[in-house]
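The listed protein sequences derive, respectively, from chains A and B.
For the first sequence, this note's numbering begins at 1 and goes up steadily by one.
For the second sequence, this note's numbering begins at 1001 and goes up steadily by one.
Some clues are possibly wrong.
[Said to hold, decoys possible] Computed beta-carbon distance windows for the label pairs:
{"no.": "1", "chain 1": "B", "residue 1": "1117", "chain 2": "A", "residue 2": "287", "range": "53 to 59 Å"}
{"no.": "2", "chain 1": "A", "residue 1": "22", "chain 2": "B", "residue 2": "1084", "range": "31 to 37 Å"}
{"no.": "3", "chain 1": "A", "residue 1": "287", "chain 2": "B", "residue 2": "1012", "range": "58 to 64 Å"}
{"no.": "4", "chain 1": "B", "residue 1": "1336", "chain 2": "A", "residue 2": "403", "range": "49 to 55 Å"}
{"no.": "5", "chain 1": "A", "residue 1": "147", "chain 2": "B", "residue 2": "1088", "range": "19 to 25 Å"}
{"no.": "6", "chain 1": "A", "residue 1": "231", "chain 2": "B", "residue 2": "1336", "range": "35 to 41 Å"}
{"no.": "7", "chain 1": "A", "residue 1": "154", "chain 2": "B", "residue 2": "1117", "range": "42 to 48 Å"}
For the record, the hints were derived by calculation from the structure and aren't laboratory data.
Small disclaimer: the values here were computed from a predicted structure and weren't measured.
Note that CB positions come from ideal geometry on N, CA and C, so glycine has one too.
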Amino acid sequence: MPFFAGEIFVSEVYKKPVLDRTGEEIGKLKDIIVAAGEPFPAITTLVVAAGRETYLFPWDTVNLFNRRVITVNARIDDLRAAPVSSTDILICRDLLDKQIVDINGAKLVRVNDLELGDVKGRLCLVAADIGLRGLMRRLGVEKRGEKFFFLFKYKLPHKLISWHYVQTIEPKVRRLTLTVSGQKVSSMHPADLADIISEVSQKERTVIFGSLDVDTAAEALHELEPRVQVDIIDDMSKERASDILERMPPDEAADVLGDLPEAKAQELINLMEKEEAEDVQELMEHEEDTAGGLMTTEYLAFPPDMTVEEAIKELRLEAPDVETIYYLYIVDHEERLIGVLSLKHLILAMPQTLLSDIMITPAKTLPLDAEQKDVAEFISKYNLLAAPVVDEEMVMRGIVTVDDVLDFLLPTASRKKRRKR
Amino acid sequence: MFNKRKILVFLSVLGPGIITANVDNDAGGIATYSVAGAHFGYSLLWTLIPITVALIVVQEMVARMGVVTGKTLADLIRENFGVKATFFLMLSLLLADMGNTVAEFAGWASAMEIFGVSKYISVPIGAFAVWLLIVKGTYRFVERIFLIACTVFLTYAVSAYLVHPPWGQIMLSTVKPSFDFKPSYLLMLIGVVGTTIAPWMQFYLQSAVVEKNIKVENYNLSRMDVIVGCIMTDVIAFFIIVACAATMFVNGIHITDAKDAAVALAPLAGKHASILFAIGLANASLFAASILPLATAYYVCEGMGWESGVDKNFKTAPQFMWLYTGIIVVGALIILIPNAPLIPIMLISQVVNGVMLPFVLIFMLLLINNKDIMGEFTNSKTFDIIAWATVVIMVVLTLALVVSSFF
Chain A
1 MPFFAGEIFV SEVYKKPVLD RTGEEIGKLK DIIVAAGEPF PAITTLVVAA
51 GRETYLFPWD TVNLFNRRVI TVNARIDDLR AAPVSSTDIL ICRDLLDKQI
101 VDINGAKLVR VNDLELGDVK GRLCLVAADI GLRGLMRRLG VEKRGEKFFF
151 LFKYKLPHKL ISWHYVQTIE PKVRRLTLTV SGQKVSSMHP ADLADIISEV
201 SQKERTVIFG SLDVDTAAEA LHELEPRVQV DIIDDMSKER ASDILERMPP
251 DEAADVLGDL PEAKAQELIN LMEKEEAEDV QELMEHEEDT AGGLMTTEYL
301 AFPPDMTVEE AIKELRLEAP DVETIYYLYI VDHEERLIGV LSLKHLILAM
351 PQTLLSDIMI TPAKTLPLDA EQKDVAEFIS KYNLLAAPVV DEEMVMRGIV
401 TVDDVLDFLL PTASRKKRRK R
Chain B
1001 MFNKRKILVF LSVLGPGIIT ANVDNDAGGI ATYSVAGAHF GYSLLWTLIP
1051 ITVALIVVQE MVARMGVVTG KTLADLIREN FGVKATFFLM LSLLLADMGN
1101 TVAEFAGWAS AMEIFGVSKY ISVPIGAFAV WLLIVKGTYR FVERIFLIAC
1151 TVFLTYAVSA YLVHPPWGQI MLSTVKPSFD FKPSYLLMLI GVVGTTIAPW
1201 MQFYLQSAVV EKNIKVENYN LSRMDVIVGC IMTDVIAFFI IVACAATMFV
1251 NGIHITDAKD AAVALAPLAG KHASILFAIG LANASLFAAS ILPLATAYYV
1301 CEGMGWESGV DKNFKTAPQF MWLYTGIIVV GALIILIPNA PLIPIMLISQ
1351 VVNGVMLPFV LIFMLLLINN KDIMGEFTNS KTFDIIAWAT VVIMVVLTLA
1401 LVVSSFF
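The following block holds chain B by itself, in its conformation from the complex (with noise of 0.2 Å):
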């Protein structure tokens, strides 16, 4: 039987993980799974495991130092590798997620060009959209707009239905590892699993937790919440393969984005299929440029030190408002500006991105061994070798997917 009031503490505890690693499947990592499933069909399945797995060991760590300490990731960053380390690794992600918001409103952009309508007017509308959100929404509210958007990445799994794919081979593909040593398959192979860590995330979900101030009590109630959202967004871009390989691959069509992918759903599943696709592109780009901008105003306040959170106003936090509104309003514009270099731009970020990753991860690694700061929670042995090595090896794949960017 189910203990009603702890599924009440569940409910209340929820949010952060969910969140996060939803923002995961954004933009670029719609693109990343509607391409690998339109040239690879579903020989890519398996990976969306080891994935799985790899993004709960790192996000659950996370977690575990926000619900330990209360104190945030870069706050621990600042007070313990001092203010060169802090700083240095503050300017890059600023700069990287710059980046990632100008793809982001990219994504939105494309989707919405889908629906017939002009980037000049749903760019705007867009950012605007997502200021007022955090400008003016209480921590409660903005949460709640997150995990309703989260829903919406459902129409993935509506879309992958309605294209009618073959089940069986589909289960026996997502569990049999199959290789190959093609270099475009190897590239696509490097592309699924470096899109799932980024930098940004880190920060954002341990500042989620602690502005949530959960208790150490219901930490394994937290660790719910990531484990859950991480399947949960495994489990949408294997309905975003499968929905491009029963397709495209099939017919042998080539894209290159999500765009063409949703495109492309029309004439072969019908409008329908090819709708609830970019709809979830649409929500996918703007969430995540919603997210993006608000981890970014997170991390650098706190390693400055100055207020931060979604629950405070431009006369209480007016460093973090700041950095918010700018970096959308800056993210916003390059996309509206015509010619803007926009594939020199997202390269850039995702390069910093991938060269900060081993930063970030080591350090947080650090961290959380660390007795003077976790007491009794730090890593067991056992976790702290699946962690180091699940490090190593999101590290490795993640710079090679950098190196691999630029051929």
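Chain A on its own, in the form it takes in the complex (with noise of 0.2 Å):
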């Protein structure tokens, strides 16, 4: 069996010596042939070149595949060049330096670079590189390049496409295509298929977007930047807007709103329904960087006189509509939030135990004014998944969960690679 250590770029070991059992160079790696195979082709062999002469290797004749040093277990004295067949995918020869179109045959990119990674213990094609990075790693100047940008503290993004999306190969293609269409795409991580649907162009997302679901589409929705998503609704009916915006946790639903024109966003609440729009209403008030404008209104409440067991029944029929259950609210009647109770804690209390005799009291809250940084540390320094909101008189507004801050912690490079994907 090949040992091959994680990834490998085609560029690294293209060229390559290529050793034979006694250390003996037999020649240089000049291509590698792949079984097209879904969804990850598989490499099958080797094509090492000396002079005029190509041998092959199949791949369970390699012994080591990496960027240092290739062996195959082989006598140099004992080969006999063998020529590629017609059929075969070679990967330099077919694939690298070839056309992305997406599927409307719109120019993306160009291959820059392949990656090879390991898929169930084979080693397979497993995506493109389609970035600036890849395009100076070919040239052979990524370190420089990755210091030079470092002056203008600019950290370069890998931009890779997964094999995935792209259409299954076959030899000597005149290029490349997503396959950002149909099943795919509803297969699809809602944040994957953001990344696609931002390198597609407008016309395209108008289209992939109707073929979704309203569920995905809510999810997709979001993960969007602020401008595609207006460009998105903007594009649809208003009746399909709606629907999504209702799908949407409201505190993301409110987020979108915030970006559209006024009178646009105000059309689309009154369409909504009655509960929903009423709950975006509200966070809409707020201004977005504070702990009102991140928070969302779905949350576990209960009153502290209920018993662990009916705490559990009720918390199954809630937990498909909220975003958190790990955190359970304990309110009096007027909604004031007098104690937490951790998931945990809930199973592991007996069945009869009261509410109010596990809850943990004071809970710690966070002022509807409270600004995002304050909210993060606040979420940072008590360890918490989801802190709880209140106004004045303690009664509780909502929650803000630690993902709704992820995106203001992370350092700022970071963010737009994932954005910009």
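Reassemble the complex: the two chains are provided individually, in unrelated frames, and hints are given to aid placement.
Shown next as structure tokens:
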């Protein structure tokens, strides 16, 4: 079984010497043959060039394969030259430098480099590098380029498109097409979907969004940049837009609506179901960067005189609709927060115990106008997954979850990378 | 009898070849031909026939590749010769074309100065006009404007007619090669031939053919387009040489550039000939000042794999549009800076062009003879010999021009 380490870029092994069992150089790695396979094509053969001759080494005769050394289990004296068959797919010849187009044929980028990686113990072609970094790696100046950009405080991002989203390959392709359509799209993670959607043209976005079911669309929409969100909402029918907004957590819907022109936002709110509309409307009244603007109004609230057993039953019913179930908030009949209970404590307690007996009181709370920075510090200081937000009368208004402030906590560069991909 | 439908199809294919060849007579080309006519009379006219043949041989191959593969030259180079070759080629040609664009704006400024317009007015207006054309225009509209610009070159024919040259003697000099071993004559000969083929032309022609989406069935019409364009270009060059030879050479007047030629024509051949000459120069310069940045934006984006095309806008092809805009803005600004080192800039761009030309032409020959790419449309054996010979001669003469520009 060949031994290979982690991820390898094709440019790092291309033209590297290939050694035989005794350490003698056979030739240079000229190309790599892959088998067409879903979703990641596996490497089957190495093509090694020595002078005018080419030698083929099946993958199971390879001993070591990494960016420093490639060895094969053969003796240089026993080699027999063999040509490449016309049906083989050679990744340097057939894939490197090819144009990548989206489903409508619009050019996106070229394949600057290819990434090989471990898929279930096989070395497979896993991604196409389409970024500046890949280009510089090909030119042999990746490290210097990184240093150069560092002078401008710019961290050179990796821009990779998973081979998942690239059409199945065949020999001598003219260009590669992204398969961001139909079933593949809906099975993608919303964040990945958002990455692709921000790459494609506006027209296609509308098409892609039209093909998604409301729930997937709702999740993907939130991951997009505000400018793109506005474009997409503008292109959709008002009914569909309001349906999608209803399915989004109220805080995220409020974010999206907040970026729309006021008249348009109001129109959409009016089309939403009353209950959701009220939540969203309330959230929109708060400044976007304060606890009030960041919070969601969906959380678990229980009265103090409930037993643990009842609470767990109730929890099962309500859990699907709320973002976070790890904290149960204990409120009195005027919705004032009196204590908090973690899911762990709830499950470990005896069934007949009253919530008031095991809750932690007083709960740590945030005021509505707490700034984003303070919210982040608060969550980090108390190691919370979510923090309750209350008004002056201690009435519970919502919760801010850790992912709402995560973007703020991440250094700017990595946030950009995630958005721009 | 002409078939009406055939003519219509031809007109629809027409464009890329004629436009590319005509831009060959840009500010620099007109200057070269003017000086050739003024200093050596009709004795260089004979070179125009071999030049035309060379131009046709090279341009035909590029158009053929565009029609057959549907890919542009930069696409093919990137896909077949890898990223390193492409990257350095693009980078050098970007620099060279920047310099060339400066030269075109200089030509435009000097032509407008003949009409008493300050360069501080003419250059910004000219730059804005060409920018607007591509950014707002569609491919069809832009191509029509370019074709109209091509017809403006006919002013040179009228100019030449107005000076009443001895047509009999001229025709004889055109078909009968003469030779002189004076160094100044040889230098001029190299100059005339060396300006004929530039790297950017190959990229532009193929990109235009691809953007026009010409089908293989119509390839013979596309070839006609190239041939007509090349002949037309050299006929214009012929008239420029004749106009200058019949006046300045006969009277022993020395000139250094195209503006001198236009000015010198006034007392010798009348105001009209002079004005027409200047209009031709203004048109040629501005025309080239639009095509050069366009060609550059095309090949850089194609090499990198970004969306490109005149039909696109800042949203659908941002890199393409910004490159185009950037080259025009920088090119025009350099002209407006007082005491900018124009001569060194143009010299460097000429050198880079000359050094890159062999690579581009040899890549082209390798690509066109690659069966995987061209199928049955590779060069025939005879044509291939002519093509290689042409390329070798052009490369030698272009490099000779580069070397001679240092003395």
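We went through each hint and held it up to the structure:
The hint said 53 to 59 Å for the Cβ distance between residue 1117(B) and residue 287(A), and at roughly 56 Å that hint holds. Separated by about 33 Å at the C-beta atoms, residue 22(A) and residue 1084(B) satisfy the suggested range of 31 to 37 Å. The supplied range of 58 to 64 Å is met by residue 287(A) and residue 1012(B), whose beta-carbon atoms lie about 60 Å from each other. A hinted range of 49 to 55 Å for the beta carbons of residue 1336(B) and residue 403(A) is consistent with their spacing of about 53 Å.
Checked against the hint of 19 to 25 Å, the pair residue 147(A) and residue 1088(B) passes, with Cβ atoms roughly 21 Å apart. Between residue 231(A) and residue 1336(B) the C-beta distance comes to about 39 Å, which sits within the given range of 35 to 41 Å. One distance hint, 42 to 48 Å for the beta-carbon pair residue 154(A) and residue 1117(B), holds here, with the actual separation near 44 Å.
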